[in-house]
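Participant: Each chain is listed here by its residues.
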Amino acid sequence: MAWNLNSDRPIYTQILEVIKMRIITGVYQPGEKIPSVRELAMQAGVNPNTMQKALSELERSGLVMAQRTSGRVVTEDMDMIGEVRNNLAKEQVHEFFVRMQELGYNRQEIMHLLEKEGEHE
Amino acid sequence: MSELVKIKGLTKSYDKRKNALDHLDLTIPSGRIIGLLGPNGSGKTTLIKLLAGLLMPNEGEILICGKEPGAETKAVVSYLPERTYFRSSMRVKELIEYFQDFYADFRPERARELLGNLKIDENASLKTLSKGTKEKVQLIMVMSREARLYLLDEPIAGVDPAARDYILRTIISNYNEDATVILSTHLISDIEQILDEVIFIKAGRILLQDSVENIREQQGKSVDAYFREVFVC
Amino acid sequence: MLGKLLKQEWRSLWKVETLILGILMALTLLAGATFALPIWKSEWVGIQISMMMVVLLYYAALIGASLGCVLYLGIRFYKSMYTDEGYLTHTLPVTSHQLLLSKILVMAAWNLISTLAILASMFVFGLMVASAFETGDITQAFREIYQALRRMWGMGELQGIGTFAVGMVLLILTDCISGPMLLIGAITIGQLLRNHRILGSIGAYFGLNTVLQIILTIVMVPSMVKLMLDEENLNSFSSVIGFYNVMYFSMCVIYIAVSVGLYFLSEFLVRKKLELE
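Chains as they are written, first to last, in my numbering: chain A, 1 to 121; chain B, 1 to 233; chain C, 1 to 277.
Hints may be right or wrong, so weigh each one.
[Unchecked claim] Calculated cross-link-like contacts (lysine-lysine; reagent style DSS-like; alpha-carbon spacing at most 30 Å):
#1 K272(C) to K202(B)
#2 K15(C) to K127(B)
#3 K93(B) to K79(C)
#4 K93(B) to K4(C)
#5 K7(C) to K93(B)
#6 K16(B) to K272(C)
#7 K272(C) to K4(C)
#8 K4(C) to K131(B)
#9 K4(C) to K67(B)
#10 K131(B) to K7(C)
#11 K127(B) to K4(C)
#12 K18(B) to K272(C)
What the hints contain is simulated information worked out from the structure, not anything from laboratory work.
This is chain A alone, in the form it adopts within the complex (with noise of 0.2 Å):
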């Protein structure tokens, strides 16, 4: 199914990851309301209840607001959204450092490698 959600992993948090992805890409529009929980359930193919507790989540987080009766919002708190958005890439910064230095590069030879090997992105 879609989503290419990753077995031996609890999907709850995989979820959280997609739709945060969604949310700072912009796919998901700010003030923009999300499909409801039963839609996105069948879109990604997972178990309705654990959609819901993931919608949950986001909701007490704040980067998604419940309307009464129209379903859930995204935030039109774009300072919410860039924090998001820069916690993400500080976690995928600090996966890097972790790796790099699991082959053996200490700082200073990261920091070297970035920026030769950036001049090339």
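Use these hints to put chains B and C onto chain A, whose structure you have.
Facilitator: Coordinates of chains B and C only, in the frame set by chain A:
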């Protein structure tokens, strides 16, 4: 309902030597999609048939919405067996009428919509349909009821991947919090994503009952992989 | 629910049953029509044999239709209850009483219809054969029979005939119910076995029939003996009729008692001892 299904000390044997189900205890709440997983001969089908009221227990008790299996529970239980069970001389629309007659919770518009999606002609005689199409028709009938308990016995075995997707999506879209779906299967990797919980059953006994998320988190692997570990031959 | 079950039962049976009876009717007319052919008047030696052949073939058709109708009822019952179809039947939100009653009633109805059809067929065939041989007028013959009967009625010699007719009708009706009941009883009993369930059902059917015959004989013998012993009785129309009345009514009672017993047994077996493969 927190106790949609309550089973206590359930025992069923087909011959003197072996129990197909052995003093089983189980409680199932509503609003769940549950996988009943086990190898062949583990008692999955026996348990489902007992819930459907097709078999009588030797010992123990089954309560569905607080009642023992009978005419009243059958009105709220929707059962999909492994085999085709309609009279093959019927036409599809006669089958719709049949379900409408007997099941107050049957939604013919939904059945027609799903049949239309699959381009199945209502006037077609059931015996002219291919095996795969017959199975889909049966599934559509079963899922077009607004039942409290759905019992699906191997709904995706022997079905092509596209149809499998369709079936799983139909199950998801049918979800409602007052109902529970119990799916028995041995094709775990295809369905684990849509399950809330799984029940492992072996030799008539329950090995575990837990949520898919817990298993993935605690075991660090998919339910399918964990199943293979647990049920190593 | 019962009404809906009745409707579905009827639908599953009527086409084949009507077909069988329709074919019987067609064959009846065909057989009867051959007697009207001019060849009967010829001097050919083979005429006698050919006539017998036609009659025998007709009897075969009659028996075939009769058996066919009953067998089909039994087969449909078995299929709808104990094969893959049983998975649908037994998950319907109905009680075992409703399930069985609906089947019994429809089977009995078809039993009645086929009995009437067979009687009609025999009557029509007889009429067609007779009219081919009688040079006289058939309606005249009927009129004479009717007048003879009226004379006998007037002289009080037909006492008991009314009860006799009622007895016959009742007997036919109870037979229409007990016939299916015996089939159903045999099939549900056969289901108790683990293997060879169909063989078990056939065995049970013969067993039940035998038991029924034994009961009937035990009840009949005393009154038969009584009739035979008194010579005067044999010469009196009314005492012979009286005997038949007693016999028919006792048979009705026995049939009903056996049917009721089998009904409760079958219902119990279906409710408590269902073991669908």
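Participant: Against each hint, give a clear statement of whether it holds in the structure.
Facilitator: Right, here's what the structure says about each hint:
no. : hint               : verdict
1   : K272(C) to K202(B) : 27 Å, holds
2   : K15(C) to K127(B)  : 17 Å, holds
3   : K93(B) to K79(C)   : 22 Å, holds
4   : K93(B) to K4(C)    : 16 Å, holds
5   : K7(C) to K93(B)    : 16 Å, holds
6   : K16(B) to K272(C)  : 19 Å, holds
7   : K272(C) to K4(C)   : 24 Å, holds
8   : K4(C) to K131(B)   : 29 Å, holds
9   : K4(C) to K67(B)    : 24 Å, holds
10  : K131(B) to K7(C)   : 28 Å, holds
11  : K127(B) to K4(C)   : 24 Å, holds
12  : K18(B) to K272(C)  : 21 Å, holds
When each numbered hint is compared with the structure, no violation occurs for any of them.
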